[in-house]
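Peer 1: Sequence:
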Amino acid sequence: MSSSSSSSSSSSSTAFQWLSLVGIIWLQSINGTNTNFPAYSSQLKKVLSMSQIQLNNLAFASDAGKLLGWFAGIAAIYLPLWLVLLIGSLLGLIGYGIQFLFITNQIPSPSYWLIFFLTVLAGNSICWINTVCYVVSIRNFPCHQQIAVGITTSYQGLSAKIYTDIVGAAFSSSPQGKAKAYLLLNALLPLGVGVVVAPLVRNINVMERPRNMKAGFISMFLITIATGIYAVISSLGSISSGLTPLQNVIGTGVFLLAPLGIPIVEKMRENLSRKWNLNRERRVYSFTMEENNNGIGSLEIGAVKEGEELDGRQVHEPCVREEIGVKLMVTRLDFWLYFFVYFFSATLGLVFLNNLGQIAESRGSSRTSSLVSLSSSFGFFGRLMPSLLDYLFSRSKYMISRPALIVALVAPIGGAFFLLLNPASFSLFLGTAIIGVCTGAITSIAVSITTELFGTKNFSVNHNVVVANISIGSFVFGYLSAIFYRKEGNQEDGRCMGMACYRSTFVIWGSLCFLGTGLALVLFARTRKFYSQRS
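Everything in the sequence shown is counted per UniProt numbering, starting at 1 for the first residue and increasing by one.
Calculated from the structure, these hints are not laboratory results. Heads up, some of the hints might be wrong.
[Claimed, not checked] Cut-off 20 Å, straight-line C-alpha distance, at most; resulting in silico cross-link-like pairs (SDA-like, lysine to any residue):
#: 1; residue 1: Lys214; residue 2: Ala226
#: 2; residue 1: Lys46; residue 2: Ser365
#: 3; residue 1: Lys178; residue 2: Gln247
#: 4; residue 1: Lys529; residue 2: Val320
#: 5; residue 1: Lys267; residue 2: Arg367
#: 6; residue 1: Lys178; residue 2: Val320
#: 7; residue 1: Lys457; residue 2: Lys46
#: 8; residue 1: Lys267; residue 2: Ser219
#: 9; residue 1: Lys529; residue 2: Ser401
#: 10; residue 1: Lys214; residue 2: Arg139
#: 11; residue 1: Lys178; residue 2: Arg367
With the sequences and hints as input, model every part of the structure.
Peer 2: Structure (structure tokens):
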């Protein structure tokens, strides 16, 4: 009787594990509110009568909110996760909501610096929701942390596409109407999804080693890949008017609901097992014999020894080069190599995506929403790629190391910037796709590199220091592009039209990416011995 009860409890825990992962996927899919900024930035610039430099500062403000992300980390230690989630959602409601009230003339015109502060607040809200997503994924999937985090994080790459499709399907097609719609959705959608998902974001006490989860993860990967393929096809379809925005919204909604099938099937399996009194749960017992005066050994349930098979994959202890804190980390040459590789690659890509609206407008393109949707879709695949490679080839000694993969990803970003010097529309779409997929992949890989080079104990602080380069780069590179934009633009209204607006910017950004490629090669050479020992 107790055995059957234990089996049922373990199975229920497994079903809820998958359900919590589905909830995190939904949260991440709407949490990238800052990624749709390019879709309405031009209109916001007109409404607020801002210069290009002031607009760039707003893009920087959104990234600067990440500098205060450690508040969310501390809150997650002392507060329930559902409360941390709701606090983050409310910060977004305030940050975007007040801007919406202003742009709709519901409140008096605020000062520029109030808008700046509200943008910082909205950017910080993303950190709170991200923290909840990371904590739940890591704690509820202790044996599959990297894969769970990788899958869920990839869905944040879809945020811009989801918001763009909803705006296209349900709101006015006028530029000012779209700007209002984006701000309204940014304020309300994370809060609404957060309220729905809040009951799912809690720790699950997995007392025993979980059932073989290979089938579940394979199903999740297939659903995720199919979602990404649909996102790319529908983005290309929107460019060629192949699909309507409403069809895009319905299709994306179906794919976001598809992962629910995994916990449903798991629950059905549990019910069948209980009905027929079939105990199919697999338990792994790791016996550790400890010599003591009584000669009694200890029994550890749920432990997985290094070298054992889990879901058909070899299990190893987490391999890190050294466990160090931030004070020692910043004295390491490899840290600065890693910092500037990120700075001259993924950060440049993110700055480009932040300025995509202005870049498209300067080239005379009216397809900003399609470009944002396209970059979002390819960014989704980029974020998913590292975790998929980890799952499929983690046992292979020929698996490419992460620094080597960084080298292979930085160079195409530089090539894409030089491709953008071509005035053809095709070059704009192809360059955007390349930058989107490579930037997404690098941001995902960076999480693992920080852990492997500098340890797991101080990861939250160490990685926040690494990604601080995003805020710095957003200001430096964005300000540089704004200066060239203003130099080439009309002195009366500040607008710039033509390829000259960003030509110098793309040359400088592309050259810096190739510098980043060289630094990545140096980092690869310095860490090659460590990664060869790991395999």
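Peer 1: Now, for every hint given, state plainly whether the structure supports it.
Peer 2: So, going through the hints one by one against the coordinates:
The suggested pairing of Lys214 with Ala226 holds, with an alpha-carbon distance near 18 Å, which does not exceed 20 Å. Only pairs whose Cα atoms come within 20 Å are accepted, and Lys46 paired with Ser365 is accepted, the gap being roughly 17 Å. In summary, the hint linking Lys178 to Gln247 is supported, as the alpha carbons are separated by about 18 Å, within the 20 Å threshold. Of the pairs offered as hints, the one joining Lys529 and Val320 holds, with about 13 Å between alpha carbons and a cut-off of 20 Å not exceeded.
Only pairs whose Cα atoms come within 20 Å are accepted, and Lys267 paired with Arg367 is rejected, the gap being roughly 45 Å. About 47 Å separates the Cα atoms of Lys178 and Val320, which puts this hinted pair outside 20 Å; it is violated. Using a Cα cut-off of 20 Å, the hinted pair Lys457 and Lys46 is violated, with the two alpha carbons roughly 47 Å apart. Taking the CA atoms of Lys267 and Ser219, the gap is about 16 Å. The hint holds against a cut of 20 Å.
Between Lys529 and Ser401 the alpha-carbon distance is near 11 Å, which keeps this suggested pair within the 20 Å criterion. Among the hinted pairs, Lys214 with Arg139 is consistent with the structure: their alpha-carbon atoms are about 18 Å apart, no more than 20 Å. For the hint linking Lys178 to Arg367, the alpha-carbon distance of about 13 Å falls within 20 Å, and the restraint holds.
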